[in-house]
Each structure stands twice: as C-alpha cells, then as structure tokens.
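Novice: Spelled out, the chains give:
2 protein chains.
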Amino acid sequence: MKKVINGVDDVVRDALNGIAAAHPNLAVDFENKVITRAGGPTAGKVGLISGGGSGHEPLHGGFVGLGMLDAACAGEIFTSPVPDQMLAATKAVDAGAGVLHIVKNYTGDVLNFQMAAELAADDGVEVATVVINDDVAVQDSLYTAGRRGTGATVFVEKIAGALAEQLVPLKSVVDVATEVNERSRSFGIALSACTTPASGKPGFDLPDDEVELGVGIHGEPGRRRAPLGTSSELVNVAVSAINDDLPLAGHDLLVMLNGLGGTPLVELYVAYDDVATQIAALGGRIKRQLVGNYITSLDMAGFTVTVCRLTDDLTSLWDAPVNTPALRWGV
Amino acid sequence: MKKVINGVDDVVRDALNGIAAAHPNLAVDFENKVITRAGGPTAGKVGLISGGGSGHEPLHGGFVGLGMLDAACAGEIFTSPVPDQMLAATKAVDAGAGVLHIVKNYTGDVLNFQMAAELAADDGVEVATVVINDDVAVQDSLYTAGRRGTGATVFVEKIAGALAEQLVPLKSVVDVATEVNERSRSFGIALSACTTPASGKPGFDLPDDEVELGVGIHGEPGRRRAPLGTSSELVNVAVSAINDDLPLAGHDLLVMLNGLGGTPLVELYVAYDDVATQIAALGGRIKRQLVGNYITSLDMAGFTVTVCRLTDDLTSLWDAPVNTPALRWGV
Chain A
3 MKKVINGVDD VVRDALNGIA AAHPNLAVDF ENKVITRAGG PTAGKVGLIS GGGSGHEPLH
63 GGFVGLGMLD AACAGEIFTS PVPDQMLAAT KAVDAGAGVL HIVKNYTGDV LNFQMAAELA
123 ADDGVEVATV VINDDVAVQD SLYTAGRRGT GATVFVEKIA GALAEQLVPL KSVVDVATEV
183 NERSRSFGIA LSACTTPASG KPGFDLPDDE VELGVGIHGE PGRRRAPLGT SSELVNVAVS
243 AINDDLPLAG HDLLVMLNGL GGTPLVELYV AYDDVATQIA ALGGRIKRQL VGNYITSLDM
303 AGFTVTVCRL TDDLTSLWDA PVNTPALRWG V
Chain V
3 MKKVINGVDD VVRDALNGIA AAHPNLAVDF ENKVITRAGG PTAGKVGLIS GGGSGHEPLH
63 GGFVGLGMLD AACAGEIFTS PVPDQMLAAT KAVDAGAGVL HIVKNYTGDV LNFQMAAELA
123 ADDGVEVATV VINDDVAVQD SLYTAGRRGT GATVFVEKIA GALAEQLVPL KSVVDVATEV
183 NERSRSFGIA LSACTTPASG KPGFDLPDDE VELGVGIHGE PGRRRAPLGT SSELVNVAVS
243 AINDDLPLAG HDLLVMLNGL GGTPLVELYV AYDDVATQIA ALGGRIKRQL VGNYITSLDM
303 AGFTVTVCRL TDDLTSLWDA PVNTPALRWG V
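Residue numbers (this note's numbering), protein chains in the order written: chain A, 3 to 333; chain V, 3 to 333.
Same shape as in the complex, but just chain A:
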C-alpha cells in the first residue's frame, strides 16, 4: 500500500487539519470532526447538514459554504459518523428555523442520523431528514436496504442549499430536496478496486480485462462483471440503466459525469463526450453539467453518471451563487 499519510489512524484528523488550513471560509470542530462555515449560522435560515464516511472527498466537506451545506460530519474512512457528531453539527447550525439532514441511504448512516435527530428533538431543535437513494444499479446492497445514495446527493445539497438561502421554511427545503432526489438517477462503473488505509489492499479482486457494472462507492458489488469495453460501451450501460428507470426523452437535464478518484480527467472528458452524445440520441436535452471528481472512492478507477430531470425552478436554484471548495460560481 502506498499512501500519503502519517498513520492509518491519523488520516481523517490530518485531512481535517489540511481542510482548515486550505479553506479560510470553513471552520473545523476537531473534537467532533465537523466542518462548518466560518462565521457560524445565518439567523432564520434552515441549516443543512450532511455527512458520511471519509474517502469520498470532496463530498461532503467540499460542499460546505454559501448556497450549499452548513455543516458536514466526517466519519472514519468508509464508516458512518456517530450520532454525537451529527448532534453537534445540528446544534452548531441551528438558527431557529430547523435543520435538514441529507442522508445517503446506507444503513449505518440512516440509523445514526435518525438517532441524532431524536437527540436534537429532545433538545428542542426541529429536524427533518431526506434520504438519498438514486443509484439504480441494485435494489439492495452490501450496506444498504433499498437503493444506495450517490451522485444525487450533490444535486440535493446544491439545490436545497440555494433555496435555504432564501430563508424559506423547513418544509419548503424538505420538499425541494425530496423532489430532486425523486427526479435523479445514478449508475457507476469500476475499472479497479480501491484500497483503504486500514486494509492496505484492494477491497475486491477485479481481473485485468473486466469491469464491475453498477459498483457502489465503497466498492460494493453491482449488477455483474463484464469485459472492459470502450468508453462508449461502458457509458451505454450506465446511460441505458438510468434511462430504463427514468426515461430521459423530452426532458431538460442536469448531468454529472463523476470520477471515482483514480481515473484521469482526460478520460472523464472522453466519457463525457459519450454521455452527451448518447443522451442526445435518446432525446434528452442536457442544460447543465458537471465533469470531474465530486464523489470519489479513494483511488478507485471508474466513473458514475447521474442525471436529474430539471424544471425551470430547479435550474434557477442550480444556477444560484455557491461558494464552496468544490463548487463555486456567482460569487
């Protein structure tokens, strides 16, 4: 195992130190491993929190800032944060208008966020939860009952975050987050496994000439193994799976071609060319797009495709100003 680390048990702490040093707009509560906006919560604004295992950077800490999250809880690598972290984050961002928990659908995350919400309610904080479950690859998975949550998380955090800046009630933020999740679908393909610092070896074996179709962002098995194939063939599997579940024809779309960490950007652009061509051929109209590493799986090679059916309102919220380490425009 070759990693740029100081010790297997120090990765998350050291990375949080690096995040604090790199991003003056963020503040880090090191005891609770919570990243918040510097300057604290905005009076009267619904607070938005997410979190999950580390190793998926920039998710979630890279999405904290104006127009997106108020706080992110960092678990250990590929391990849910604990309820105490989530409770600390909830209290840190509560400004009297309630707090939304944006939770990717993994069993540990769901249970821990639920416990944190109950503890927060005991302390008088109104909490609502939206569970993200956009991954069409499998119905149940290694760490999940129901569909896994993946790329739609970025869309929900951005769009719900933009609406929250307008100081609307908690229910409105919940509604738009729910709407974005329901209108979004994802599918991922791995060319290689990733290696966690703790295990020191690849999380699964993948022959040199095969890919995992429908892989999860921790390397969970997908639908099946297949020969490597061209970019066009791989993208076709992903786009077809999404289109079978949520037809794209005639819709305005937001599309993300996301790298899993180990795939060079030049290859992501090759894949995005195929995504754009194939979605157009299906009759979808791409109006907004992201290409890059937004939800990674450490050093895994491969990509995920996420598509959201837009409305005019959702497009406006997507275009609204955002100032985070990983997404920034309009400011």
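Don't take each hint at face value.
Which copy? The list can't say, so a pair holds if one copy fits it or any two copies do.
[As the list claims (entries may be wrong)] Here are the computed lysine to aspartate or glutamate pairs in the EDC-like style, where the Cα-Cα straight-line distance is at most 20 angstroms:
hint, residue 1, residue 2
1, Lys4, Asp207
2, Lys4, Glu212
3, Lys289, Glu184
4, Lys4, Asp211
5, Lys47, Asp207
6, Lys4, Glu235
7, Lys289, Asp12
8, Lys4, Glu181
9, Lys47, Asp12
Source of the hints: derived by calculation from the structure; they are not laboratory data. Owing to the predicted nature of the structure, the values given are computational and were not obtained by experimental measurement.
With chain A's structure known, arrange chain V on it following the hints.
Specialist: Leaving out everything else, chain V in the frame of chain A:
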C-alpha cells in the same frame, strides 16, 4: 491497461469533444486542437496562449477563460503540440495588442513555440515568450535542458491573465509573467508511475516500498529513490528542496499542493496539513493556497508542491476574477 477510452489514437479528439460539451464558455477548433474562449478575443487585450502534451488536465484547457488564458493547444498525450497548432492559436487570439506564449521548459515545446512565434511574426503578429522553469529537482532532465516547467505555470497563467484583462501593453504582461516564474519554485514526488494509452504499461518501475523524489510530470527521473516514508517526511523533502533554493522565511507566499492524478483528495489534504505546518515552521507566511489536481500526470500517484513569493501587486492579481473550468472566483 484499463482506461476509459474508445481507442488509443482517439483520446485527445474525444476529450476535446467532451470539453466542448462540458464547458459552454469554451470553443474548440477541432482541426487544430485548440481550445479558446467562446466569443473570440477581446479588442486591445494581449492574448495569452499556452499548451503542451495532453495528459496533464486540467492544464492547459481548464485554464482558458476570463482572467486567465485565451487559448490552449492540446498535443497528443505527453507530446508537444506542433507549430501549426500554436500558429492557429496565436492568430485566433490576436486582437492587435500582441500575444504572449507561456511555455513550459521542455525541449519540444520550446522549439515548436519558437517556430510558431517566427511564423506569426512573418504574418505581422507581435509575439513574446516566457519560458517556465520552476522545478528545482534537477538541472537537466530527460526532455529538458535546464530546469523543467511545472506548477508555476498555473500561477503565471492566472496572474499574467489578470493583468492582461486590464488592457496593459504586451511588455507589462511579459514582465509580470517573468516575475512570477522567477519568484516560484516546485518539487514533485511520485508514489507510482503513470500509464500512457499508447504504451499500455507503467512508464517506469518503482518498487512497492519506494518513491521517486523530484519526479517530472511525465515520469522523468528525479534526484533519487527513497523509502516511502510518511506524508510529513515526503513533504519535508519537497519543502526543504524549495526552501534551499528560494528561502521562504519572512515572505508572504502563494502555495499549491497539487495531486498528480492518482492520489485521493483526502491524502492531498493530509499532505497540505504538513505543507502548511512546515512552511510556518520555516518562517514563511502562506497567504493564498490551492489544494487539488491542477497539473496531473495521467494516473500517477503523488504530488507536487509549488511556492511563489508574493508581493501586494501579485496578490491582487491572484485575487482578481477568473472564470475557467478549473479556477473560478469573483464571477
């Protein structure tokens, strides 16, 4: 070899298609493999061009846009663009105020840009050239006479690009680009080799427990091999090499911790924590910083550190608005 491509010879063309589809603010001349700003040149503004082999994305196409480059020439993977591409780019961005060629110091790039400059001069376009040579690792290298050009290229493109937006004369843009290059130093460390599509196998052999200290961005040999070591130990080699060449004590600094493509962002933050700590211990004052993948070497694992001694004027130009795929603020 596992890559998301359609064919070894199609990578650059397909990636340019993907870039054009992903970034509506950019335009692509596919015949010449030149990326420009959509909307053409700004009257009276010095045009800024860079370019080089592909495989280093987002460099250079990801730095085309308001406040940075006017055009980027994309060579084949790790191969200099040819003079005809550079000439086409030069003519495309010429708005009567002259054109600056920003050239990383690799022999092929230098010779080809020189020929393009002569051809452009024959056509009546005033061209100036600044060669970037910030890498302190080795005096000469596999593809270079003199020091290699690496991370300072991003600083030069940003700062000279900001000044050019003020419609100053070509000489002023040349002077600031030269100043930034002279005030900047870099050092890189590889944990693994990268694999080009054409070769299909890693460019060099690196034992499981060793790193290449002072590696070039195409995998060129550095100063020496060494045991892997901790993040703190690796960063110390890089920061010490820079500080030995350009003492940092008492200076305001711009710092980039750059990933070479295959290292997860969480590890880059771990390394940046060590960079910030060690530079502070040396008496340097970090005023601005970038952490992420800005000049990559395909899927190489490892990082580079680049430091620039700031002045108040350079800081203001760094902070000026920029709107490119890879750097965006103030707009």
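Novice: For every hint, state whether the structure bears it out.
Specialist: Checked hints:
1. In this assembly of identical chains, the alpha carbons of Lys4 and Asp207 lie at most 20 angstroms apart whether taken from the same copy (18 angstroms) or from different copies (14 angstroms).
2. For a Cα distance limit of 20 angstroms, the shortest separation of Lys4 from Glu212 across copies, 9 angstroms, qualifies, whereas the shortest one inside one copy, 24 angstroms, does not.
3. Taking the shortest alpha-carbon separations for Lys289 and Glu184, only the intra-copy value of 18 angstroms comes in at or below 20 angstroms, while the best inter-copy value is 43 angstroms.
4. Within a single copy, Lys4 and Asp211 get their C-alpha atoms only as close as 23 angstroms, which misses the 20 angstroms cut-off; across copies the closest is 7 angstroms, which meets it.
5. When the C-alpha separation of Lys47 and Asp207 is checked against a cutoff of 20 angstroms, the pair qualifies neither within a copy, at 47 angstroms, nor between copies, at 55 angstroms.
6. Only between protomers do Lys4 and Glu235 lie at most 20 angstroms apart by alpha-carbon distance; the minimum there is 14 angstroms, versus 32 angstroms within a single protomer.
7. With identical chains, the CA atoms of Lys289 and Asp12 are never at most 20 angstroms apart, being 42 angstroms at best within one copy and 26 angstroms at best between copies.
8. Taking the closest pair of Cα atoms, Lys4 and Glu181 never come within 20 angstroms of each other, the shortest separation being 42 angstroms inside a single copy and 37 angstroms across copies.
9. Taking CA atoms no more than 20 angstroms apart as the test, Lys47 paired with Asp12 passes in neither setting, with 35 angstroms inside one copy and 49 angstroms between copies.
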